[in-house]
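S.K.: Read off the chains here:
2 protein chains.
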Amino acid sequence: MNKPCPRKPLDLTTLLKCFTIDLIQADWRLVVQKLRSQYQPELPPCLQGTTVRVELGDATTALDPADAHTINRAFPLTYGQPLAHFLRATAQVPDAQIITEHPTIRVGLVFCGRQSPSGHNVIWGLHDALKIHNSKSTLLGFLGGSEGLFAQKTLEITDDVLSTYKNQGGYDLLGRTKDQIRTMEQVNAALTACKDLKLDGLIIVGGVTSNTDAAQLAETFAAANCATKVVGVPVTLNGDLKNQFVETDVGFDTICKVNSQLISNVCTDALSAEKYYYFIRLMGRKASHVALECTLQSHPNMVILGEEVAASKLTLFDLTKQICDAVQARAEQDKNHGVILLPEGLIESIPEVYALLKEIHSLLRQGVLTDSISSQLSPWASALFNFLPDFIRKQLLLDPESDDSAQLSQIETEKLLAHLVETEINKRQKQGKYKGKKFNAVCHFFGYQARGSLPSKFDCDYAYVLGHICYHILAAGLNGYMATVTNLKNPVNKWRCGAAPITVGF
Amino acid sequence: MNKPCPRKPLDLTTLLKCFTIDLIQADWRLVVQKLRSQYQPELPPCLQGTTVRVELGDATTALDPADAHTINRAFPLTYGQPLAHFLRATAQVPDAQIITEHPTIRVGLVFCGRQSPSGHNVIWGLHDALKIHNSKSTLLGFLGGSEGLFAQKTLEITDDVLSTYKNQGGYDLLGRTKDQIRTMEQVNAALTACKDLKLDGLIIVGGVTSNTDAAQLAETFAAANCATKVVGVPVTLNGDLKNQFVETDVGFDTICKVNSQLISNVCTDALSAEKYYYFIRLMGRKASHVALECTLQSHPNMVILGEEVAASKLTLFDLTKQICDAVQARAEQDKNHGVILLPEGLIESIPEVYALLKEIHSLLRQGVLTDSISSQLSPWASALFNFLPDFIRKQLLLDPESDDSAQLSQIETEKLLAHLVETEINKRQKQGKYKGKKFNAVCHFFGYQARGSLPSKFDCDYAYVLGHICYHILAAGLNGYMATVTNLKNPVNKWRCGAAPITVGF
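Protein chains in written order, with my numbering: chain V, 1 to 506; chain X, 1 to 506.
By construction, these hints were calculated from the structure, which means they are not laboratory data. Do not rely on the hints blindly, as some may be mistaken.
Restricting the straight-line Cα-Cα distance to at most 20 Å, the calculated cross-link-like pairs of lysine-lysine (PhoX-like) are [claimed, not checked]:
no., chain 1, residue 1, chain 2, residue 2
1, V, Lys394, X, Lys438
2, X, Lys335, X, Lys437
3, V, Lys153, X, Lys275
4, V, Lys437, X, Lys178
5, V, Lys415, X, Lys394
6, X, Lys153, V, Lys275
7, X, Lys153, V, Lys335
8, X, Lys178, V, Lys438
9, V, Lys415, X, Lys415
10, X, Lys153, V, Lys437
11, X, Lys178, V, Lys335
12, X, Lys178, V, Lys275
13, V, Lys178, X, Lys275
14, X, Lys335, V, Lys153
15, X, Lys438, V, Lys178
16, X, Lys437, V, Lys178
17, V, Lys275, V, Lys438
Bound-form chain V, shown alone (with noise of 0.2 Å):
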């Protein structure tokens, strides 16, 4: 900001100009940035103040009836508790309960999964809650992820902790590890350090599988007669922990809209050039939320959909012929440049390859050395596996994840589709199908550079409201419960504040 603001009350035109020239300065990241870190998330009417209700309503159950009787059985204590939903003191509901005891209590949280933008606000909004309340609370942040739980590492969180990580990216205050809190050795740590650090609390901040690990923990907690009551926070930029109470996750809207920005440099390069078709993998795994929304956002030339290619079951060679059939259709138009997007997850949703992972990973857990996998594949699945590049066969045979899936993020699907693309195109052109310019493709994995991003004004605000939300579940005694926001899509004043059992999104 080299040109700063005059002190003294100027005309709006004056003031309008002199923003826009700060605005449009060099520095502007810098401006953005300053002012960002500076920001005060807003709460909804229902969490202001002190005096916060609480309406339990009827027994939830699963979505799916038929699934009833084997989230109960496995879930018996946690299972079946009512919503609840956070309204104003003054509120005319009258089953509603005004809380108003705030002992000192003590949390602990826990960064589980991959970071996502504003995970830090989850942080923030309960320290906030806790302190507003009782100032003798206390919050401890679990350093190193969930192993940082097992090891009882703990930093407390303080405002002075907190300064410079509000609303920023990264979770690089506390930091994570694993993504899994699921044997019983883990359950057991995780227990026995619940106690020894007398929590009344345990927030675990995650996507899907934290999430189920946080019931679980609930349900383990809740039959071991320990105090600690377990509650989730949907954070994910995958933006795959949905249903009817989580309309998104914290992180999903920065991730989108700093890839899409990226995407459409991408695009502009792709008309400047006109001689590259770009082909750019991004984020998400079973779920390809994140390919979707970039689409809307920026409008590249194709995307192809994981969910897409599982239900209509189409192979490499029919996602081949379909990229080839457009950048044919685009060359007769005399455009030979483009841009598609793909998601990480694409690749075990193309069926054949589903089931060739399936048979490494079979073999890998048998024991079976990477060098000898190929020979001991069924017929079918060699014949696909020694089809497939050399760069590829060595990405498949990697470990797959804690979760079973394989190394998505170092599969390089993209540079696959471009090699049998390019493949394909070459012997077109041979037979003359094919009169465009020479087919070129570039590469693209946008997957770790937009997650540690600054996160958007929407992610400051929903994650700092669930961070609220966490002490108010706590203060009204539940376990097993999920943060909630809904009605997210219009201005923060109009959000409704709540908690779900966790089990009934199974």
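With the hints as your guide, set chain X onto chain V.
M.R.: Positioned in the frame of chain V, the structure of chain X alone reads:
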């Protein structure tokens, strides 16, 4: 902007709050983009108004007197011309001449080389300057770069045509193709185009190669008594066209800022996950300027500069050792993560790889098929080639670019180094020397995603001013000059505008 600013004047505090809210909205990127598209770049005082004085200095000589004779012989008509300075009409410089006549002229402009943010503003600046001095003058843009020039494919630039490209990234208004205008056939096609289209001036927008071509064209046109004056404009995101008259190039500022932001995101990611080493390859061929500037802006853990590697003759082995030593030292401090930057040109700076590439390119030029190259390399080159991983071997065998360099954007040097480091760290681990966690590398190429991005304010101003200068060079009747601005680190009102014979920078 879901909270629009009130229309009537308010006090500063309210307004500040209002703007702060706008800025930190989810859509701040759109806000910036919209404001940027409405931005009118500044002009330094010397170029304001309709009267500009030109001062011609003494005859210039080549930087290195030893080269003077050679250059003079190659450019007998355009070497040794004086420097030109553009001054305000009121400037008290006795020898400066006021250009009073502004006849109707026709000017052509061509984008050469790779797209660079704010190239469009050169067109805008030139168009404005042309129309201010004579509303009947015409600006033609060549469609599709040098090939559009040869084929005389033009688009007349008007305010309407420009409206959506002002202050925008990419070269998509005109497009571009090959870099070079060099063979006799190409030079003659350019000459014919300029004669046929009755051009008074030809503006060549590009980097080192394109401005070298501009100097050659200027000489050829002068020798052929062609009335078209040739002017070069320093536009290259690599920032490597630098001499005493050219302080930086259009696009470099934007590219460094955008990439530094992405690198900072990755640094946050590294600190959050605490388990990855990120190897990030940046643009920059012969010069590592982008990598160096991004290092200064984003503070990664390590940067490898091509110039240092070449000067110290560091081998692949040396580089691997340097990185491994750093990884090991960090592990001893319990840090198992980091960010390492390198320029795409690094691979050609490593002495033994450079020699290998020379051999490969020589064999390719002799028509040897890629499959047979390995067997025809000299014994030491063959040994190195076979030592390298398969993916790099394939990439080294790609046809060289038009300027004889390797296809640097396609050679994944970051993956090669990550591979070599991983191998060495694993070895040290077995030997008990390395006691850190398992080494995990994530590789990125930040090549194309920044190229089409919104230009920084600096680049908007710089390109627009250079466009104006192009007009004044033509109005002064100069041929074979490059538009220059010095004193760039000061605000625009202190910028000094001039023109230097292109050959002076050789």
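S.K.: Give a verdict on every hint.
M.R.: Here is how each hint holds up against the structure:
About 19 Å separates the Cα atoms of Lys394 (chain V) and Lys438 (chain X), which keeps this hinted pair within 20 Å; it holds. A C-alpha spacing of about 9 Å is found between Lys335 (chain X) and Lys437 (chain X), which places the hinted pair at or below 20 Å, so the restraint holds. Restraint check for Lys153 (chain V) and Lys275 (chain X): satisfied, since their Cα atoms lie roughly 18 Å apart, inside the 20 Å limit. Distance check on the hinted pair: Lys437 (chain V) and Lys178 (chain X) sit about 14 Å apart at the alpha-carbon level, within 20 Å; holds.
Taken as a hint, the Lys415 (chain V) and Lys394 (chain X) pair is honoured in the structure, with Cα atoms around 14 Å apart against an allowance of 20 Å. For the hint linking Lys153 (chain X) to Lys275 (chain V), the alpha-carbon distance of about 18 Å falls within 20 Å, and the restraint holds. In summary, the hint linking Lys153 (chain X) to Lys335 (chain V) is supported, as the alpha carbons are separated by about 17 Å, within the 20 Å threshold. Among the hinted pairs, Lys178 (chain X) with Lys438 (chain V) is consistent with the structure: their alpha-carbon atoms are about 14 Å apart, no more than 20 Å.
Taking the CA atoms of Lys415 (chain V) and Lys415 (chain X), the gap is near 15 Å; set against the 20 Å cutoff, the hint holds. Distance check on the hinted pair: Lys153 (chain X) and Lys437 (chain V) sit about 18 Å apart at the alpha-carbon level, within 20 Å; holds. For the given pair, Lys178 (chain X) sits about 17 Å from Lys335 (chain V) by alpha-carbon distance, which is consistent with the 20 Å threshold. At most 20 Å may separate the alpha-carbon atoms for a hinted pair to count; Lys178 (chain X) and Lys275 (chain V) meet this at roughly 10 Å.
Only pairs whose Cα atoms come within 20 Å are accepted, and Lys178 (chain V) paired with Lys275 (chain X) is accepted, the gap being roughly 11 Å. With a C-alpha separation of about 17 Å, the suggested pairing of Lys335 (chain X) with Lys153 (chain V) holds against the 20 Å cut-off. Taking the CA atoms of Lys438 (chain X) and Lys178 (chain V), the gap is near 14 Å; set against the 20 Å cutoff, the hint holds. Proximity of Lys437 (chain X) to Lys178 (chain V) is assessed by CA-CA distance (about 14 Å); at most 20 Å being required, the pair is judged to hold.
A distance of roughly 8 Å separates the Cα atoms of Lys275 (chain V) and Lys438 (chain V); the hinted pair therefore holds under the 20 Å criterion.
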